[in-house]
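*Asks:* These are the residues of each chain, in order.
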Amino acid sequence: ETGVTQTPRHLVMGMTNKKSLKCEQHLGHNAMYWYKQSAKKPLELMFVYNFKEQTENNSVPSRFSPECPNSSHLFLHLHTLQPEDSALYLCASSQESGAEAFFGQGTRLTVV
Amino acid sequence: DQQVKQNSPSLSVQEGRISILNCDYTNSMFDYFLWYKKYPAEGPTFLISISSIKDKNEDGRFTVFLNKSAKHLSLHIVPSQPGDSAVYFCAARRQGAQKLVFGQGTRLTINP
Numbered sequence: 001e002t003g004v005t006q007t008p009r010h011l012v013m014g015m016t017n018k019k020s021l022k023c024e025q026h027l028g029h030n031a032m033y034w035y036k037q038s039a040k041k042p043l044e045l046m047f048v049y050n051f052k053e054q055t056e057n058n059s060v061p062s063r064f065s066p067e068c069p070n071s072s073h074l075f076l077h078l079h080t081l082q083p084e085d086s087a088l089y090l091c092a093s094s095q096e097s098g099a100e101a102f103f104g105q106g107t108r109l110t111v112v
Numbered sequence: 001d002q003q004v005k006q007n008s009p010s011l012s013v014q015e016g017r018i019s020i021l022n023c024d025y026t027n028s029m030f031d032y033f034l035w036y037k038k039y040p041a042e043g044p045t046f047l048i049s050i051s052s053i054k055d056k057n058e059d060g061r062f063t064v065f066l067n068k069s070a071k072h073l074s075l076h077i078v079p080s081q082p083g084d085s086a087v088y089f090c091a092a093r094r095q096g097a098q099k100l101v102f103g104q105g106t107r108l109t110i111n112p
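Here the protein sequences line up with chains A and B, keeping their order.
Position 19 of the first sequence, counting from 1, maps to 19 under this note's numbering, and the rest follow consecutively.
Position 53 of the second sequence, counting from 1, maps to 53 under this note's numbering, and the rest follow consecutively.
Source of the hints: derived by calculation from the structure; they are not laboratory data.
Be a bit skeptical, because a hint or two may be false.
Chain B is faced by these chain A residues, among others (derived, beta-carbon under 10 Å) [stated by the list, open to error]: (1) Gln6; (2) Pro8; (3) Val12; (4) Met13; (5) Gln37; (6) Glu96; (7) Ser97; (8) Glu100; (9) Ala101; (10) Gln105.
Residues of chain B placed beyond 12 Å of chain A at every Cβ, according to the derived structure [unchecked claim]: (11) Gln3; (12) Ile18; (13) Phe65; (14) Ser74; (15) Leu100.
Keeping only pairs whose Cα atoms sit at most 16 Å apart, straight-line, the calculated EDC-like set for lysine to aspartate or glutamate is [claimed, not checked]: (16) B:Lys99 to A:Glu96; (17) B:Lys5 to B:Asp24; (18) B:Lys99 to A:Glu44; (19) B:Lys99 to A:Glu56.
Just so you know, even glycine gets a beta-carbon here, dropped at the ideal spot from N, CA and C.
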């Protein structure tokens, strides 16, 4: 039990589908993040939320749409993705932005 | 431009011996460095960190060394155990920044 839970663990979707990834943290942290890990690449930060407010968007295409209804929950809404968007999507949280991040187990996304 | 680099994609070490994982960075504004460990099908787990005001931090079998002049840090694991087999990521943070910048990772294999 890592304290950060992501669902689903695996997702296969077509390019015309709409799906959402969910993340929940039980650690009382104030910052939440979405990261993308593609094969043989470093972890890439996508979005940062601090006290429910988006404070960083790392030039992510609009087909990825984050939502943070409260400090404990973070969503990533997916729409008209491309096959190259297939990757491991990791959610993380930290007490404050920039501090040690605790990661969820990730969602392995495959776009077909 | 990759600011945090782990030039060895893989490392194989005999059980009981020392494992040394290396990381180089280019941004002299980084002031905080972290190591994460990742098992397959799990998210990264925070391992150990070091502030730029120190040159060494030790936690049990794990020691991180920081050489600011060379912009280099290393993680020493001694003695290495089979359970240490994982992918290790180094990460860095610029003072006041909200995000961690990750290296590509090094896959460590401990042989019995």
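*Asks:* Against this structure, judge whether each hint is valid.
*Replies:* Okay, the hints, checked on the actual structure:
1. Gln6: holds, 8 Å
2. Pro8: Violated. Min distance 13 Å.
3. Val12: violated, 16 Å
4. Met13: violated, 20 Å
5. Gln37: This interface hint holds because 9 Å falls under the 10 Å limit.
6. Glu96: holds, 9 Å
7. Ser97: holds, 4 Å
8. Glu100: Given a least distance of 5 Å, the restraint on A:Glu100 holds.
9. Ala101: This hint holds: A:Ala101 lies near chain B, its Cβ roughly 6 Å from the closest one there, short of 10 Å.
10. Gln105: holds, 5 Å
11. Gln3: B:Gln3 not clear of chain A: closest Cβ-Cβ about 10 Å, inside 12 Å.
12. Ile18: holds, 25 Å
13. Phe65: holds, 19 Å
14. Ser74: holds, 18 Å
15. Leu100: violated, 6 Å
16. B:Lys99 to A:Glu96: holds, 11 Å
17. B:Lys5 to B:Asp24: holds, 5 Å
18. B:Lys99 to A:Glu44: holds, 10 Å
19. B:Lys99 to A:Glu56: With a Cα-Cα distance of about 9 Å, the restraint between B:Lys99 and A:Glu56 holds, given a limit of 16 Å.
The structure is inconsistent with the numbered hints 2, 3, 4, 11 and 15, although it conforms to all the rest.
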